[in-house]
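Could you slot chain Y onto chain D? The hints should help.
Sequence order for the protein chains is D and Y. Mind the numbering: the first sequence is residues 1 to 356 in our numbering, read in order. Mind the numbering: the second sequence is residues 357 to 680 in our numbering, read in order.
Please keep in mind that the hints were generated in silico from the structure rather than gathered at the bench. The beta carbon of each residue, even a glycine, is placed where N, CA and C say it ideally should be. Wrong hints could be hidden among the right ones.
Heads up, simulated BS3-like pairs for lysine-lysine below, C-alpha to C-alpha not over 25 Å straight-line [to be verified]:
#1 Y:K552 / Y:K619
#2 D:K154 / Y:K550
#3 D:K128 / D:K154
#4 Y:K402 / D:K185
#5 D:K185 / Y:K403
#6 D:K154 / Y:K552
Simulated coverage check for chain D against chain Y, where a stretch passes if three residues somewhere in it have a Cβ under 8 Å from a Cβ of chain Y [unchecked claim]:
#7 40 to 51
#8 137 to 147
#9 167 to 178
#10 338 to 348
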Amino acid sequence: MPTTKTSQKKSSFNEGSTKLLPQQSPGDRLDLLKQMLLIRRFEEKAAQAATQKKIKGFCHLYIGQEALAVGTISVLNPHDGVITAYRDHGHGLARGMCPQACMAELFGKATGCSRGKGGSMHFFDAKKHFYGGHGIVGGQTPLGLGIAFSQKYKGDGGVTLCYLGDGAVNQGPFHESLNLAALWKLPIIYIIENNEWSMGTSLARSSAGLPLVNRAQAYDMAGIVADGMDVDDVRAKTAEAVHLARTESQPTLMEIKTYRYRGHSMSDPGSYRTKEEIEKHKQHDPILTYRSRLMEEGIMDNPTFDQLDAEAQKISQEAYDFAEKSPEPELETLWEDIFTPEDQIPPLEHRGRFHR
Amino acid sequence: MPEILYREALNQAMAEEMERDDRVFLMGEEVAEYNGAYKVSEGLLKKFGPKRVIDTPISECGFTGLGIGAAMHGLRPIVEFMTWSFSLVTFDQIVNNAGQIRYMSGGQFSVPIVFRGCSGGGLRVGATHSHTPENWYAGVPALTVISPAFPDDAKGLLKSAIRSNNPVCFLENEKLYGFKGEVPEGDILVPIGKAKIRREGGDITLVANSLSTHIALAAAEKLAAEGIHAEVVDLRTIKPLDFETIAESVSKTNRLVIVEENKPFCGWGAQVAYQVQRELFDELDSPVIRVTGLDVPQPYNSFLEDEVMPSEMRIIEAVRESLA
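Extracted from the complex, chain D is given alone in its bound form:
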């Protein structure tokens, strides 16, 4: 895979990125597969629930892109930061969020990861250092910068992965963020999930100066391209970027090529692209590719795969059942979570008796 001309900063570890990753045990290898299967089956279950109108509003599915979230997040430490845009189910699950709390959030239930107040686009999990789930295209990119800034300010050794779609690269805040990341040497990795379509507009119709990784050049930032349909390649390339951030506090821009099988959201009939195009990408399905590799490596056989797949389906079904059985939020919770309690100044009465 090519890197950009300005990626001298990563030359120090060009000798072999595998050195940056510890040897994976068979169990770890299988774990990547489990995570990808869970995302696939969870999203299929979410699609079903959206069709049944149990999930309201938007529902953007991650099917096809599983290797990207799983591969990138697999190289992080637990206290590193993760922040993404609105297609966030895959990242949340890869970060270890509870599938039941995620599905319950999609159903808008009180037991959801955001207490039913966020919805599909706004998953959050403070314990997992998952900073959302953000609905405005590109709006999360400066937030990621702030997490990385804080990590450096505190000297806690953390790094941040900030995801964005190929449709977000032309938003102003993204460019402001790249400049600040490079200028202030912040430990952040911006990951463009290039699935070729920003809603119904193709990359060719939305972006000049392809490939997108070239945008790193303007800011003298390392740029790395990875194959998002290959979880091992994603892991290896992300490890390079994370190493650079962790050891030298340098940012990286990654362009990871991937493809979403489903529409932009559940309400998208997908008339802008051909079935042939989708089928072509499905030939490189990240789960099937990895499955073949594990079999070649002798780590797994067909019955084991079927068993893991059945397990992923079971977890997804249980998440669905949990969400369905969970209660709606109490109306009183409408007024909760707006303000955080004060601990340094006298608390305010935000809901005065006259306020109607």
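For chain Y alone, kept in the frame of chain D given last:
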């Protein structure tokens, strides 16, 4: 009690809070090496160093969002806008991120951040640089909006804002930076959400904020010469609104004129007027009158701009109309 300038009071507040809490840092355009476009941050770089007093590029979206992300991660940023008019470039970050993240995350992430800078008109800098966006930000449920009129409140409220665990929009006024007033020494914390009676009177209530408070006080002084005693309520905090103090005053005077520099349509005074008619209808002896910025873009020409801003004359006319 020592007399200091409004800008010095703000400077003291930041310096004291940065001294007290390592998590507090200041970031913005020209805040460090230039010592602040309006000298509010003068000397802070020297005192706290470049790690905590940070010059940014002209990238409001970038550094505002950075501040919000850092607040989510546990720091307590002060983000300075050279003027609040430039906050419009990053309206999305303030409204959608600072304003919604705590709620959208079910209370998991707090955003303890202060956005501050000057606002307001009367400086002959034209329509793009003269905004009074109190009411725009007050329309966001989770945002606290503060606009002090006097140096003591500038200091005490900014210290409270920095210690607040919630996102605060702190609107200073450029015309007030050079205003001198008494400021108590030591660690003063003015409560957020409490108005203050700056002048007592029994004939009519004037409710105002920021620079408009000073214009209302000047009008009250002239009215006193005519034997009309106006009570001037300085809101200090726009949101949460201290309606109790307003209600107490109006219950005493039975008449109300609201003085606000923001444009009339959905200005904060419209909310006050609504609540007064809703809760105190029987107390009123005459309709509530609002003296606001005129509903035109801010003109450059001095005569035209003076016409747009609330003035002593317009306040006095409104009071006479209310008393007629």
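Status of each hint after checking the structure:
1. Simply put, Y:K552 and Y:K619 have alpha-carbon atoms about 23 Å apart, close enough for the 25 Å limit, and the pair holds.
2. Distance restraint check for D:K154 and Y:K550: the Cα-Cα separation of roughly 35 Å exceeds the 25 Å cut-off, and the hinted pair is therefore not satisfied.
3. Under the criterion of a C-alpha separation no larger than 25 Å, the hint pairing D:K128 with D:K154 is consistent with the structure, at around 19 Å.
4. Restraint check for Y:K402 and D:K185: the C-alpha separation of about 23 Å stays at or below 25 Å, so the hint holds.
5. Only pairs whose Cα atoms come within 25 Å are accepted, and D:K185 paired with Y:K403 is accepted, the gap being roughly 24 Å.
6. Under the criterion of a C-alpha separation no larger than 25 Å, the hint pairing D:K154 with Y:K552 is inconsistent with the structure, at around 39 Å.
7. For the region 40 to 51 of chain D, the assignment as covered by chain Y is violated, since 0 residues bring a beta-carbon within under 8 Å of that chain's beta-carbons and 3 are needed.
8. With 8 residues bearing a CB less than 8 Å from a CB of chain Y, the region 137 to 147 of chain D meets the requirement of three and the coverage assertion stands.
9. For the region 167 to 178 of chain D, the proposed coverage by chain Y is satisfied: 4 residues have a C-beta within less than 8 Å of a C-beta in that chain, meeting the threshold of three.
10. Residues of the region 338 to 348 of chain D lying with their CB closer than 8 Å to a CB of chain Y number 10, which satisfies the three-residue condition for coverage.
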